[in-house]
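> One-letter residues, chain by chain:
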Amino acid sequence: MTDQGLGLILAVWLLAWGMNIWLSADGRGAVGRFLVPVLFGVTLLVLWEMAVRLYEISPVILPAPSAIWVRLISSTDVLWADFIQTIVKGAMSGYMMGCAAAFAVALAVDRSNFLQRGLLPVGNFIAALPIVGTAPILVMWYGFGWQSKAAVVVVMVFFPMLVNTVQGLKASEVMQRDLMRTYAASYWQTLFKLRLPAAMPFIFNGLKICTTLALIGAIVAEFFGSPTVGMGFRIKIEVGRLAMDMVWSSITVAALAGTGFYGLMALAEKKLTFWHPSQR
Amino acid sequence: MHHVMPVLVVVACIVAFWYAASVGMNRAWTLDQAERAGVELSAGEVIADAMNQERPVLPTPHQVFAELWNTTAGEAMFRERRGELRGNPRSLFFHAYQTLAPTLLGFLFGTGLGILLAVGIVHNRAMDMSVMPWAIASQTIPILAIAPMVIVVLNSIGVEGLLPKSLISAYLSFFPVVVGMVKGLRSPGPMDLDLLKTYSASHAATFWKLRLPASVPFLFTSLKVAIAAALVGAIVAELPTGARFGLGARLLTGSYYGQTIQIWSALFMAAICAAVLVGGLGLIERLTLKRMGMAR
Chain A
1 MTDQGLGLIL AVWLLAWGMN IWLSADGRGA VGRFLVPVLF GVTLLVLWEM
51 AVRLYEISPV ILPAPSAIWV RLISSTDVLW ADFIQTIVKG AMSGYMMGCA
101 AAFAVALAVD RSNFLQRGLL PVGNFIAALP IVGTAPILVM WYGFGWQSKA
151 AVVVVMVFFP MLVNTVQGLK ASEVMQRDLM RTYAASYWQT LFKLRLPAAM
201 PFIFNGLKIC TTLALIGAIV AEFFGSPTVG MGFRIKIEVG RLAMDMVWSS
251 ITVAALAGTG FYGLMALAEK KLTFWHPSQR
Chain B
1 MHHVMPVLVV VACIVAFWYA ASVGMNRAWT LDQAERAGVE LSAGEVIADA
51 MNQERPVLPT PHQVFAELWN TTAGEAMFRE RRGELRGNPR SLFFHAYQTL
101 APTLLGFLFG TGLGILLAVG IVHNRAMDMS VMPWAIASQT IPILAIAPMV
151 IVVLNSIGVE GLLPKSLISA YLSFFPVVVG MVKGLRSPGP MDLDLLKTYS
201 ASHAATFWKL RLPASVPFLF TSLKVAIAAA LVGAIVAELP TGARFGLGAR
251 LLTGSYYGQT IQIWSALFMA AICAAVLVGG LGLIERLTLK RMGMAR
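Protein chains in written order, with the working numbering: chain A, 1 to 280; chain B, 1 to 296.
All the pointers check out, no bait thrown in.
Straight line, CA to CA, 30 Å or less: simulated DSSO-like cross-link-like pairs of lysine-lysine:
#1 B:Lys224 - A:Lys270
#2 B:Lys183 - A:Lys170
#3 B:Lys183 - A:Lys271
#4 B:Lys197 - B:Lys209
#5 A:Lys170 - B:Lys290
#6 A:Lys208 - A:Lys236
#7 A:Lys270 - B:Lys183
#8 A:Lys170 - A:Lys270
#9 B:Lys224 - A:Lys170
#10 A:Lys89 - A:Lys271
#11 A:Lys271 - A:Lys208
#12 A:Lys236 - A:Lys89
#13 B:Lys183 - A:Lys208
#14 B:Lys224 - B:Lys290
#15 B:Lys224 - A:Lys208
Listed next, with one range per pair, are the computed distances between beta-carbon atoms:
#16 A:His276 - B:Trp18: 38 to 46 Å
#17 B:Ala101 - A:Ala81: 33 to 41 Å
#18 A:Ala101 - B:Met25: 14 to 22 Å
#19 B:Ala73 - A:Ser74: 50 to 58 Å
#20 B:Val4 - A:Met97: 26 to 34 Å
#21 A:Ala185 - B:Asp128: 38 to 46 Å
#22 B:Leu31 - A:Pro227: 25 to 33 Å
#23 A:Ala104 - B:Trp18: 15 to 23 Å
#24 A:Ala81 - B:Trp134: 26 to 34 Å
Derived coverage of chain A by chain B (criterion: at least 3 residues anywhere in the stretch with Cβ under 8 Å from a Cβ of chain B; other residues may be distant):
#25 14-22
#26 122-128
#27 213-225
#28 245-254
None of these hints come from the bench; they were simulated from the model.
C-beta atoms are modelled at their ideal positions from N, C-alpha and C, and glycine is treated no differently.
Sequences are here, hints too, so could you generate the full structure?
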């Protein structure tokens with residue numbers, strides 16, 4: 001039985017992989033570029049489902065994708081409430097506050113050479129530290145509600161965003177800045193007409209990195225205390241009950257939200273920095 | 001000196017702000033206690049008390065560093081219990097070790113996997129088109145969501161301790177390595193590749209003699225990101241399962257029992273670990289690039 005099962009799984013995998021090789025060599029157009037990764041993802045799901053069925057893996061260890069889907073559909077109201085609490089209230093509000101604050105500080109840092117030489121090394125250093133660790137402190141200060149999660153997110157996204165924005169504000173070339181000076185452009189004119197547009201790719205880089213950080217921050221903070229709603233709370237509770245299909249449903253929602261959030265930023269980037277070499 | 005001064009000033013400002021904030025945040029409790037006891041405190045006494053509470057809202061720097069010192073230099077890392085040498089849970093070095101071991105193991109796994117994937121992606125078009133989009137998508141999944149499940153799954157098939165935590169570290173560290181290595185392996189320009197073609201170099205020779213050496217600076221940049229991520233992974237992996245040892249466990253118990261000084265000292269220990277790991281890699285990077293003649 002096991003040998004047959006293994007053979008079947010290998011056969012499906014080889015078939016799909018062969019098709020991918022054929023598609024990627026042949027269809028170089030948009031269809032191929034879309035189809036190849038989709039086929040790869042579908043193959044993984046099929047293999048997963050097959051492995052669970054053929055080897056009769058206990059649902060406590062690893063539920064099948066179909067079981068996760070059934071659970072996801074049947075508990076949309078709970079998952080929706082979690083989504084609102086964690087993603088919309090916690091992650092999004094923190095993300096906006098953190099990125100806006102970092103942007104404002106970056107403008108200040110950019111104007112002062114002293115701050116640049118002093119704050120940037122410190123900022124770079126702090127950005128590499130495990131900032132998630134501040135979660136218990138902030139939960140203690142701001143309570144169990146979404147406010148403490150937003151605070152954790154603010155702390156997490158601040159430095160990556162700051163470092164990227166400051167780097168971006170330096171992206172315009174000396175020649176270009178000199179040209180603006182010969183036009184007698186003021187600081188603000190130079191900022192809005194030259195330096196901010198030039199900084200856009202860097203700013204979007206920061207914004208994209210921060211999307212994942214925001215989700216991680218909001219979910220981790222819930223392990224340190226939360227109301228009886230939220231994705232971190234759900235995962236913690238359902239793991240205790242060994243309801244792994246519910247855990248995986250939460251994970252699916254988190255993954256979809258994360259991908260969507262990131263995709264939104266990537267789309268905005270594409271619209272706003274169409275002129276940059278990396279987008280052409 | 002030119003570079004150090006501004007950094008010192010900024011750090012001094014942060015410490016000063018920290019002291020001011022801790023007095024501001026801890027004052028309420030001091031005043032409350034004084035009122036209950038029916039004593040009038042002078043301003044100086046209030047400040048002194050606010051800076052030395054046992055469970056402050058915000059511990060002061062000297063409290064945190066005293067705790068750090070007492071739990072590292074003041075405690076033995078191992079102690080004898082029932083004839084065996086065991087870790088001393090009061091030593092912060094012991095907790096750091098419990099977190100660093102899976103960090104390093106996971107980092108090695110993740111780096112190995114990342115390099116293998118990158119080599120595959122660069123040499124195989126089908127792999128490039130199918131794996132790369134999913135590698136990117138996998139990073140938009142908050143790993144935290146995966147962490148508790150991985151640990152429970154592995155626990156139920158009898159694997160516990162070091163391995164589950166290091167798997168999460170590996171998951172976090174493989175992506176920066178993949179991205180950096182793909183970029184690095186593709187960094188040789190058309191000129192260089194053409195030159196090797198005129199030498200009629202094989203695919204393998206091109207890889208070992210041109211692509212791999214050219215990717216080293218990119219590799220080190222991503223390794224520094226990856227090891228910091230691996231540490232975060234190991235800390236976070238301790239949260240959902242209620243681990244007893246490790247820096248993450250220290251944060252969690254600290255938050256359960258309101259031990260703010262313990263939380264802050266664990267946080268600083270984590271920061272020191274991250275700085276040492278990243279700094280160590282930076283040192284290896286400098287030496288390697290110098291020997292390869294690529295130092296900038």
